[in-house]
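There are 4 protein chains.
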Amino acid sequence: MRAVVIHAAKDLRIDEVAQAGTLGPRDVRVRVEAGGICGSDLHYFHEGKIGTILLKEPMILGHEISGRVEAVGSDVAYIKVGDRVAVSPSRPCGACRFCQAGQQIHCLDMRFYGSAMRTPHVQGAFRETLIAEASQCHVVLPHLTAGEAAMAEPLAVCLHAVQQAGALLGKRVLVTGSGPIGALCVIAARRAGAVEVVATDVTEAPRATLQQVGADRFINVAAEPDALGAYTKDKGAFDVLLEASGNAQALVSAFDVVRPGGVLVQVGIGGPAMVPLSMIVAKELELRGTFRFHEEFALATTLLSKGLVDVKPLISASLPFTEARAAFALASDRSKAMKVQLAFS
Amino acid sequence: MRAVVIHAAKDLRIDEVAQAGTLGPRDVRVRVEAGGICGSDLHYFHEGKIGTILLKEPMILGHEISGRVEAVGSDVAYIKVGDRVAVSPSRPCGACRFCQAGQQIHCLDMRFYGSAMRTPHVQGAFRETLIAEASQCHVVLPHLTAGEAAMAEPLAVCLHAVQQAGALLGKRVLVTGSGPIGALCVIAARRAGAVEVVATDVTEAPRATLQQVGADRFINVAAEPDALGAYTKDKGAFDVLLEASGNAQALVSAFDVVRPGGVLVQVGIGGPAMVPLSMIVAKELELRGTFRFHEEFALATTLLSKGLVDVKPLISASLPFTEARAAFALASDRSKAMKVQLAFS
Amino acid sequence: MRAVVIHAAKDLRIDEVAQAGTLGPRDVRVRVEAGGICGSDLHYFHEGKIGTILLKEPMILGHEISGRVEAVGSDVAYIKVGDRVAVSPSRPCGACRFCQAGQQIHCLDMRFYGSAMRTPHVQGAFRETLIAEASQCHVVLPHLTAGEAAMAEPLAVCLHAVQQAGALLGKRVLVTGSGPIGALCVIAARRAGAVEVVATDVTEAPRATLQQVGADRFINVAAEPDALGAYTKDKGAFDVLLEASGNAQALVSAFDVVRPGGVLVQVGIGGPAMVPLSMIVAKELELRGTFRFHEEFALATTLLSKGLVDVKPLISASLPFTEARAAFALASDRSKAMKVQLAFS
Amino acid sequence: MRAVVIHAAKDLRIDEVAQAGTLGPRDVRVRVEAGGICGSDLHYFHEGKIGTILLKEPMILGHEISGRVEAVGSDVAYIKVGDRVAVSPSRPCGACRFCQAGQQIHCLDMRFYGSAMRTPHVQGAFRETLIAEASQCHVVLPHLTAGEAAMAEPLAVCLHAVQQAGALLGKRVLVTGSGPIGALCVIAARRAGAVEVVATDVTEAPRATLQQVGADRFINVAAEPDALGAYTKDKGAFDVLLEASGNAQALVSAFDVVRPGGVLVQVGIGGPAMVPLSMIVAKELELRGTFRFHEEFALATTLLSKGLVDVKPLISASLPFTEARAAFALASDRSKAMKVQLAFS
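Residue numbers (my numbering), protein chains in the order written: chain A, 180 to 524; chain B, 180 to 524; chain C, 180 to 524; chain D, 180 to 524.
Among the hints, erroneous ones may be present.
Intra- or inter-copy, both count: the list cannot distinguish identical chains.
Said to hold, decoys possible - Restricting the straight-line Cα-Cα distance to at most 27 Å, the calculated cross-link-like pairs of lysine-lysine (DSSO-like) are:
#: 1; residue 1: Lys412; residue 2: Lys189
#: 2; residue 1: Lys485; residue 2: Lys259
#: 3; residue 1: Lys235; residue 2: Lys412
#: 4; residue 1: Lys189; residue 2: Lys235
#: 5; residue 1: Lys228; residue 2: Lys485
#: 6; residue 1: Lys412; residue 2: Lys491
#: 7; residue 1: Lys491; residue 2: Lys414
#: 8; residue 1: Lys414; residue 2: Lys189
Keep in mind the hints are simulated off the structure, nothing from the lab.
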């Protein structure tokens, strides 16, 4: 079996790897079809690390995948051979105090696909075949493409981000950063009932896509640095910020335009930010982090299957996994691509 | 009538000022008895400003006061001549969109005693006689001293801070900064049901007082820089931080000891802080500001009257208002004083 | 000017009434275009009362209206002559303790159009011309019909009901009672992100409309009394009930199908219900009431204007107001009509 | 080993039963010291059932117990031989969807001591020796008596009830029903920061005890049927009801005295109640159930150990377990007893 393996910064290879292993009674064997390239995959590719997490050994990348079911274990009831499934990369232990409190995201023994946080690293899912637990596999309806199904994972991230913001029905929402995560935040906020959604970026490229997926307005803050000023009146116009850029400046600029008592959700992962505490105090703002997802993965697949969200505008390109290096290069060029996926079969 | 007036940094005078004015039908005339010196009074005294708010004209200081009722307007039903009252310094407009939403703290036309935020400045309450609206005046039971009654204001600040943290019953709380606000946060957190309260400071002076008012443990982080390390296990031991020092380092040090999903309430006002966004994200922390109070002023007076909180250990000294300069000097010396009050009659 | 006046049960007349009065500086004069007949109008018509609220004098009915602006007062800035507006029938006092706490719905001095709760009764809006405060008037975009604009009021009721249920993103929702309020609850729940919405009724008539506005499934519980049984597995399938029938049996039947910790929102107004407290205890259910709306009226007009909700399928018929009796008869026949409106010009 | 066994209504025996079994690596063997008689024990004793749950076979009663540790399994680290422990009777499965969501109270496979809900029944803890899982055993400080430690269980019930009510700091609370659960609700509400607590009962007996544990006022509603009327002004004075009587009339009478938006927590288990839905709607009240406890058991033991709550006034009598019938008779007589406990060694 072949897989997409990162060996070191810039050293991405298509390697022959061992087969997936034995099918247990609660397992499902999946022939992988589509795999989306995520920002964290790009960090490993370009820098050999994410923040302080260093790549220490070769690791199969990938955690946004879908595929066809090839075989199911003896105890698996609801998944059939031939089903298309989206596979959650999240495997909490189920037993630690966080899991027992319903906070699986903070599991003390999490094994998340394609992450170097533990050593040995948890291998990823950019591979031809995968054995996963049935509880990770979510059947999607036949009309969804493999590419759409593979969007369940980043959509789940954004659904969880929106849940962190509380009820959005009737709220005015600012989304900073209009890459795939920002765009999916727009989709999720709209789905949750936001009445106004404004998206920003520092480039012009995402404008058409963002408007297509539901942003009422797109602002290129590089071209229009004063445009957000219109939202500062009476202590701020937005109820909620979804900060999807990971850029500290995007967060800081939002303190002026979020109303007293508003919520700022930090979705993007970046470095430290110089935060004006006096504004957090005087406006009683809430700055919350959001990390990955848990039950939102199942929700993402259901929303996609029911047509309650549409992610097709975000899929810029699909390349054969054997051309992974070209795909990673394309995914790194924001002027040309939103989400780039690999095709495995 | 005499009053305590700040003219510029270090220039504090006892001035003869005009009488309080005419008693309206809903007003109460109060002979001021006690006035606590607050950190903001000290900022005006030492620096002639608070952060970016500059003193532009002479201003009577003071917003933590109590007194005896001398006269009541014709429409005032529940307050009698001779009652002792704590007087709230907060006067929201009642009509703006924040007031109509129950967010009076964020009133667009707030007039708060002894604040240079507006020009002309809103004069304060360090004066012999004061005319206030009846709705500002809260009768306390006779067994309370004037000094205790004057603690209603800073207690209200801390009750509101605790409300921002959500239900505290059974929670583990860290309070950083053990001045009067930190100590009152300990009292408020204990009253709200916190099961463990740890207080810190960078000096040794507050230890005895903090333990007396209910802290399970006091840590002098200057003397024991590693003591908080014991609370980092399994992603952090505290559910809630109440940051009462205004020192960015205190906030930052708490990210390691607050559990995933925990709440950090910024009470103290300070400069910008370099905040590790990656920890806010990965631990899904919530950083909230808290500013002043609204309904908590009435609550503070009731808790004091009923003996449900005891603030006596915090009152270090009471000096005649004519010795205001000495009192301000004493209040500035944390090794000698917690709360210093002025006596007006 | 003519108006639709209820004199006693079954005694509905088209009366000549006095003109609307003088236009104050903050007022707007509206030529009424459309007025929806509400369940409360029907109660006054059929019974001369609603529950314990008795009609004691002739009263103009109507509180779901829209119209064209004919004139605006001197202080009115954002509304222009010729605009189409939806007019909120809700006029809280702004000064009582509920208004000052942001709970205008519970105003101690509420004046709500077409309600006999106070005496003299507050006259309604089924009249040719109306003078309203500018704050009651919400401009809608020109593409909306007068009939759609008049749906803002019942939509606001249902948006508030949904807000009472908390964040609905990803939730499974049961709506009992599929009249106009039930149908609008389906629309509102879907807009707020509900992932599954099941609607019930005791007649077959609403099936097509309910499915058209977004219900995943419609159950005629009279025809299929056991159909809800499929939702009782593992202590209940629904996260939320929106009870829109006012029928006690509908509420009681839901205790079996709402999961532990779920929320039951009582929207419909009916008589007392024999509630199984042991199930509320054992499943820790929450039963909440919802009453009218406040800020949701503005939200309703915005959602309608932006096309984020579509209420057209609910408007069954529009009759000239001079045929009010026929219109009330039609509105009372659930087999023939969902929402019936009166046309005034 | 001897145990207190219920065979049928009124047929309570001291039986010789088999020893506790083998000590597993994570188990603790406890020599039982004190066991409180609960209302559910009394239901089995008097009626041979609780509501619809029928006693079908002999069952050891008891779930409020404490004791001395006699032996610990090989993996038990934090509990030592000789420790006094309070033993939680709650054993959720840890694996079902409720357990994995942090809702262990609703576990699909709960085994709760002394409950006939399952068949074979789960045997209780009124026995001389008990083997429990270490996670059930909570060490208390030596100054606590065995009787106080045995109060951890009903205290945990009331702490959970209070958690269901949200943050209580500054709230006005009505507790209806002043038996042991009502009295512990007063204690818990006070600990959580309630500013006013009024307790009611239909007898005079609990007055002194209720005032001793913190009620501001006790009302015997049989003697003073109109006394609650003073709390109906302006739509109701109380923010929260804790209904601890299980008497439908107590609940219904509270609808008039709880303010709009207030919360009514049903703690006591009783039959169906005729609930005025129109008041739930018009006042937007929230009626919530509360059932048993989970993490609150540990909290109860900590609050007791730290002296943050005092339950001694509630312990009316302690009788040797061999006199269980006399003890049950005494516990059934509210004029003579609050909480009656059995002594086992």
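Outcome of the hint check:
no.	hint	verdict
1	Lys412 - Lys189	neither (47 Å within a copy, 36 Å between copies)
2	Lys485 - Lys259	within (20 Å within a copy, 42 Å between copies)
3	Lys235 - Lys412	between (50 Å within a copy, 25 Å between copies)
4	Lys189 - Lys235	within (14 Å within a copy, 60 Å between copies)
5	Lys228 - Lys485	neither (37 Å within a copy, 44 Å between copies)
6	Lys412 - Lys491	neither (36 Å within a copy, 36 Å between copies)
7	Lys491 - Lys414	neither (37 Å within a copy, 37 Å between copies)
8	Lys414 - Lys189	neither (46 Å within a copy, 33 Å between copies)
Going through the hint list in order, the structure does not satisfy hints 1, 5, 6, 7, 8.
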